[in-house]
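> If you want the building blocks of each chain, they are given just below.
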Amino acid sequence: MKEITNKIQEIATRLFNEDQVDVFLAWEQTGEEYRVKPYFARSAADVSNIVFNEYCIHNLSTSLLKFRDGSDRIGLVVKGCDSRGIVRLLEDLQIKRERLYIVGVPCTGMKDPLAAARNQSGFNNKMQTIDIARKCLDCIQPNPVIYDELIGPENPPLLQGERFAKVKEIENMSADERYQYFEDVLSTCIRCYACRQVCVACDCRTCIFDEMKPQWVGRETNVTDNMMYHIVRASHMAGRCIECGECERVCPVNIPLMLINQKLIKDVNDLFGPYEAGMQYVEGAKPALSRYDEKDPDDFL
Amino acid sequence: MKVLSKQRLETALNKLSEAAEVFVPMQKGGQSGFFSWQSFKNEQDELMLDNLNVYQSPKGVVLPQTEKMYGIKTQGVEINIDQVYEDDHPTLIFGARACDVKGILAMDEVFLTRGYEDNFYKARRSNNVIIAHACYTPGDNCFCYAMEVNPVDPAGADVIIRDSGDVYVWETQSEKGEAVTAQISDLLEDKDVKLPELGSFKIDVDYTGVAEKLKTMFDHPLWDKISEPCSNCGICTYVCPSCYCFDIQVKMWGDEGYRFRAWDSCMYEEYSREAGGGNPRGAAKERFRQRFLHKLEFFQERYGTPLCTGCGRCMVVCPNDINIVRIIDAVKEAEVND
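Protein sequence lines, in the order shown, are assigned to chains A and B. Mapping the first sequence onto the UniProt record's numbering, position 151 (from 1) lands on 151, and the numbers just tick up by one. Mapping the second sequence onto the UniProt record's numbering, position 37 (from 1) lands on 37, and the numbers just tick up by one.
Derived from the structure by calculation, the hints contain no laboratory data. Ideal Cβ positions, reconstructed from N, Cα and C, are used throughout, including at glycine.
Some chain B residues well away from chain A (every beta-carbon gap over 12 Å; in silico):
#1 9
#2 77
#3 84
#4 89
#5 127
#6 172
#7 182
#8 210
Under 10 Å between C-beta atoms, here's a sample of chain A residues computed to sit facing chain B:
#9 28
#10 31
#11 32
#12 39
#13 124
#14 184
#15 190
#16 195
#17 197
#18 198
#19 215
#20 218
#21 249
#22 253
#23 254
Use the sequences and the hints to build the structure in full.
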């Protein structure tokens, strides 16, 4: 990890010195090892603050949205899943490729700083294991799919066993059981919108949930409004979720959001595939559900 | 001193539940917060009284996240309020830490003083009893001592319980507390036990002078830097024991409906959007700054105490490691041009 930190610092310094970037997105450590946060270096002088350790789990591609309206040239560090986020933004025309200098780090699986903070908080009586973040156990793409420079050798995917096992479990429930399951997990939502805010695919300028005229989704925290929020958000993710798992990781009430996303990934692949979102960037390419083809299935019409 | 044996805790909670809805800290599925004792299921839920605290504070007992205010019926141009949903059913918060009680005291200031009384809040709060749980072992994120909170002697409690091994020492603090004590008096025993001593705080922070200094720092470049990692979600505001901002909205079906209020968050763009479409806090940085100025400056100015209670929750749940203690430190260290 120290070697990777050194390498990232070296690259960032070079990019600033050669005037190739205006800002460099990485991580900064602010306390204990797990106290890590996204860090925006603005000059070579800032570079020494950059770290890369096993808690650098945040998907920095989401931070690019903060720069989409400017002309800053941006360097950033991405792991496999984060790099798919960049493809998402490029396909969605949110940022231009030539503004980016992408430093890829093949990932061996990260630890979850939130789980570590929770363990240290005194609020948990059952310690969560923090050997590896839960989201990383579902990883199919640890290696960056788009980069200008790659640090270190590629790694094998961490996923063991069947990819959609949990989804299939839910599919096998009766409709009533399934409804009950989702009613139970979604009724606990406190509508903090953290899942939306950390999502790279949530790149709409005005989110439908923030609109007031008309107000598409009610602001009450009850099963009806919560379901409306989650179902609408999920359907906007169909063919677009790049499986970084940040939504589920940050949820303060532990809603299994990736289960919903994975169901959509599976369905989009079955119905419109073979398709895997954000696996490669081809200029002009579009996500599965953002183009129309006469051969598209339309039995339901 | 009066003590309640821990073996009799569930009996006591059952007894207290006869007169009020009792809220206790528990782990309920994926949630960690104060939930109604009546909803407690032995096989699924876990009582968390022995823990430092829970993720969601008890503020929802007196200010629910969503509450109906009144029903509406329209007839042509006439609008009739056909029902008022004032909720005054008795509630009891059992085992709140001093930081969380301070959060409710802060809301009392807002909803009950300075010439305006919020009827909905008042109805709930006047029928609410607080049994506070003295805190002797500060956690890694605790800094209540710096925010005018005494963890061992919680102000505003009707009863204080103190953990002493097999028993809770039971100290009645108010008239409301006396009524509660009377209710379970047959479960209390007289016994002299040793009380623990307050452990040391790991966080060293000094709030002195911060509110004053912030008055001069509205446009300070510090805000650009520290707000950068924030993703503007609302976790911190919703787990906070003292964030009380709400929005009032209407739901209508044809000519019938109701008005309700729901927690809102200064982190949301919609929160400060005006009817005409303008937004004085359109930028993420401005919303971030608002939250911390409200906590550390504005509330202090108006009510003479900070709105942060030092519970440390926001520092545990923030996806981007925003840390209010580091912000206080940064404010203290910041250079200000006069």
